[in-house]
Amino acid sequence: MYYLGIDVGSVSTDFVVMDDNLKIVDQLYLKTKGAPIDAVKEGLGQLSGRFRDEEILGVGTTGSGRALASAIAGGDAVKNEITAHAVAAATLDPEIRTVLEIGGQDSKIILLRNGVISDFAMNTVCAAGTGSFLDRQAERLGISVEELGKMAAMAENPVSIAGRCAVFAESDIIHKQQLGCRMDDIIAGMSKALVRNYLSNVAKGKTILPKICFQGGVAANEGIRRAFEETLGTPVIVPEYHKVMGAFGAAILAKEKIKKPALKSKFRGFQTANEPIESRSFNCRDCDNRCQVTVLYSGDRQLGCFSDRCGKYQNNNF
Amino acid sequence: MRIGIPEALLFRRYEPFIRKFFDNLEVDVVYSGPTNGEIMERGIAHCVDEACLPMKIFQGHVVKLQAECDKVVVPRLMKCEFGDSICPKFVGLPELVGKGRAGSKIIFTEPLYLNDRNKLRKAVIKQSKQIGVSKAKVNDAFRAVEEFVRARKQGECYGAGAVSSCEGGGENTGGITGIHDGAIKVALLGHPYNISDSYANMNLVSKLKRLGICPVTGDELTREDMDEQMTGLMKAPYWRFYRENFGKAMALLKKGSVDGILYVSSFCCGTDSVTIEMIRSRIGDFSMLVLKLDEHTAEAGMDTRLEAFAELLERRRQKSKGTVPFDFLKGEKA
Amino acid sequence: MKLTFPRFGDSNIYGRLLFRELGVDFVVPAPNSAEGLERGAARAPEDICLPFKLMIDNLLSAWEQGADTVIMPATMGPCRLGEYGELLAVTMRKQGCDFRWILLDSISAIGVKELVHRLAQAVEDSLCSKRQIFRVLRKTYTLIKEFEKLEAEVRRLSPYDKTAGSSKAVLRTCRRALEQAEELSEAINIVRQSKKELHSLPRDMSKRPLRLLVTGEIYTQIEAFANHYIEDTLMDLGVSFEKNISIGWWVRNTVLNPFGGMLAEAKKNPLMPHRIGGYAKETINEALRCKKEGFDGILQLFPVGCMPEIVAKSVFDGLAKDEGLPVLSIVYDEMGGEAGYLTRIEAFIDMLERKRDMENVLSGDRCRIGKHGFCCNGR
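Chains as they are written, first to last, in this note's numbering: chain A, 1 to 318; chain B, 1 to 334; chain C, 1 to 379.
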């Protein structure tokens, strides 16, 4: 018997299938590419060959597209990504007291005490400490993100890069390139800058205690992990499933939700992958709020509806 | 007991008086010294994210002093000499840097009204216990400072020294006098702490001079000159530096003694957002460059802006004289 | 003369009924919207706070509808709010809207005489006698008071609803009805009816929702658009909350009580002993009270760059560290996407719930806790 967790983020859409003993039995890491509906369908399609509908006892969704994913797949637990990441980390190792998470567009720090969130913070406006910044630089330098981490680890004399702002960091990188600095030194410097920026912005004023768990897409980057260890002076753990921790957390939350009162899952089945799902948006003019309402349809059937403040479109032919 | 005094925010402006006051008290005083990279880093790390750069720098000075001293002076400035306010952050300065916590070593938090002699004296005397000197001694020191103020001319007392202090107190470039006529003159406006902190503004004054621009701070203008410019506003502005900068800009403009305005502001400055807009609304197409300082400001970008501004002013001047320096400009016209 | 006023919170309801009853010609600006904000921001000076940008759009929309006079409050230095009038006038003139301005300042700043004089300008077209005018003003104030009481009850009671969202629906229906109401007496009746309706809803009082305090900068708290409808969000998340700063509160403190400022200054507050402009001291006062009364947490709202609230946030940082009082500061600007705010608020509430359940574990109440230390009553 399994639980499905879906994490729809800005960069990737992740799936985790977890068994009753909280063990991950299958995982998927797909690029969202700005089309979350397609990504969710794609994921369900890939999983349909490996599991049967009846085997899925509960579905949890998280990430910025959690509401959408929940409408498509039929979610039982819909939770924000901070809670999901914290739950996943605490389940993995109850001794973890700090979770560093760097995702595509935002980065977070979560402090856990006795397995419960005691404080958290998210990056505010700037994207300098996030994965998008790395992606962009990798693209500009013409290498893959994975290579980026390896190259940073090889560097001998990291150059200093101004890292507090993505735009300025980029111009500084270009500047250093034009001075003739070695590529791996620049990349190592960039990793350092990203870590420094993360610690001084996102983690500002937070007490970072070991064990420290580093997760999210960027955790794959060896250079960044090393930079964290050097700056913090303690080992930083990168869990095996660091890329899909959000989805793992969502699956755990789904299990919690379903198990307690022994509910039946709202899971709509893997055949959803073959449904023609599309969204339509319109501006509701019925009141002063002027909400831009988005309705999700499968054929003619309404699956879900978002952004209507008064809730009057929610239950249409549901 | 060792008392620390942060050399930030309005310290430069009131420097002679502050020094005189504490010299007369004969207590062990430590000044934090000019801003440097370490102070700024510390300030950024300790201050609320949303605060502006000058506040973060001030926090840095305080953090430095907290480590070295028993007490740190963080004044609560309610009203300036003429009864104007400054930004709310000045009124809440002890809270902003002390975060309302006990043990932050902060003293001198009685509200100071510089426009009300008696109130000011009482407030200062109230601090005597925290400073650790007798009331009589504080009173004497206060009177000595008063004498000192009276002995000085207004221009010398308030505002002057911002530019000269960047130069290490050397030659006086503050006034218009002493500058050869050919140089481009730019009104250098903004909060005095942005102008005088040469670390935060990356040696702005030296940069200007290197570009052959003479900064004019308008310090010779009197209070009356500035007040004159406020007529026609619906409500008398209550911020000191709104009055000062707006007044200076208008007065210098009317005199025709400057070629352009350079306004140094810090990113997200609340009062400057109003002041700059009000100046802009009055000057038409007169050249004005606004430089925003924050911890991200890159020196290269600032150089580019200043160079371009200098060039623009030079060309405007040539144009008004009828000689266009480059041929292609003529070509453009035709 | 055609009067208009900026929109904040339910000022459209109160203003409409007030001027209608006075017989003054007026227009109500279009509600705040994303397009409106864009329009306002494009015309606003750099770095100005969010309320200003929204007001520009309000007044543009009023001008398009033929308004020629603006009445608005412009009090409280040394925060920027006090300079709004001047700057708005300049900005609007640039857009070709040459309004006549009636700026309402506090009595302590301009005196009773000047205030009455300015108010008289607003009603110069009215046929009402002085007495009638006062009666109408009093009625308006009654309406404000009654409606705000209703709001406060909904905020407190909505998590106990048997059918989720029924309290919220009562408030919504009431607001719609008020927007259509013909006169003040009718409006007051509508509110009283709604209150009865609210009290008759089926409730489950055995629930134990979180109790939060919402505080911060006044405009952001009053105008739902500026705070991304945080009240709706909180009600949907099943939280009971209090929010005390409102239009009625402002009227009570600034207009009705000329000593309001002095009283506030005199109030003891160890963390912020003096008023620093805006309502930062009030924010801290509220927070201290909330600590005493056993609230679970505080949400502080302010627009980016708000000077007094930055100081308040600094104090909160210290408070959170020393006293363990959880505070979530939400800084709004026009660039922020809804998702980011929502994630933070949800996570904050999750955190508080799990924390509380954990405390229950420590005190022996094990039934609500799952195997790995997390509560299982997740909503």
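These are computed hints drawn from the structure, not numbers from a lab. C-beta: ideal position from N, C-alpha, C; glycine also. Hints are supplied without guarantee of correctness; some may be wrong.
[Said to hold, decoys possible] No farther apart than 30 angstroms at their CA atoms in a straight line, the calculated lysine-lysine pairs in the DSSO-like style are these: (1) B:Lys292 with A:Lys176; (2) C:Lys168 with A:Lys264; (3) C:Lys292 with A:Lys206; (4) C:Lys168 with B:Lys319; (5) A:Lys312 with C:Lys94.
[Claimed, not checked] Over 10 angstroms on every C-beta distance to chain B, these chain C residues come out as not near it, computed from the model: (6) Arg20; (7) Ile48; (8) Cys49; (9) Asp68; (10) Gly85; (11) Trp101; (12) Met272; (13) Glu293.
Cross-check of the supplied hints:
1. Between lysine 292 of chain B and lysine 176 of chain A the alpha-carbon distance is near 25 angstroms, which keeps this suggested pair within the 30 angstroms criterion.
2. The suggested pairing of lysine 168 of chain C with lysine 264 of chain A holds, with an alpha-carbon distance near 29 angstroms, which does not exceed 30 angstroms.
3. The suggested pairing of lysine 292 of chain C with lysine 206 of chain A holds, with an alpha-carbon distance near 25 angstroms, which does not exceed 30 angstroms.
4. Distance hint between lysine 168 of chain C and lysine 319 of chain B is unfulfilled; the C-alpha atoms sit about 67 angstroms from each other, more than 30 angstroms.
5. Taking the CA atoms of lysine 312 of chain A and lysine 94 of chain C, the gap is about 41 angstroms. The hint is violated against a cut of 30 angstroms.
6. At the 10 angstroms boundary, the C-beta of arginine 20 of chain C stays outside the reach of chain B, the nearest C-beta of that chain being 28 angstroms off.
7. A cut-off of 10 angstroms between C-beta atoms contradicts the statement that isoleucine 48 of chain C is not in contact with chain B; the least separation is 5 angstroms.
8. Not every Cβ of chain B is farther than 10 angstroms from the Cβ of cysteine 49 of chain C; the closest lies at roughly 7 angstroms, contradicting the non-interface assignment.
9. The Cβ of aspartate 68 of chain C lies farther than 10 angstroms from every Cβ of chain B, with a closest approach of about 17 angstroms, so its non-interface assignment holds.
10. Annotated as non-interface, glycine 85 of chain C brings its C-beta within 10 angstroms of a C-beta of chain B; the closest such distance is 6 angstroms.
11. With a least beta-carbon separation of about 7 angstroms from chain B, tryptophan 101 of chain C fails to lie farther than 10 angstroms from that chain, contradicting its non-interface assignment.
12. Here methionine 272 of chain C does not stay apart from chain B, with its beta-carbon only about 5 angstroms from theirs, under the 10 angstroms limit.
13. No Cβ of chain B approaches the Cβ of glutamate 293 of chain C within 10 angstroms, the least distance being about 19 angstroms, so the stated non-interface status holds.
In summary, the numbered hints that this structure violates are 4, 5, 7, 8, 10, 11 and 12.
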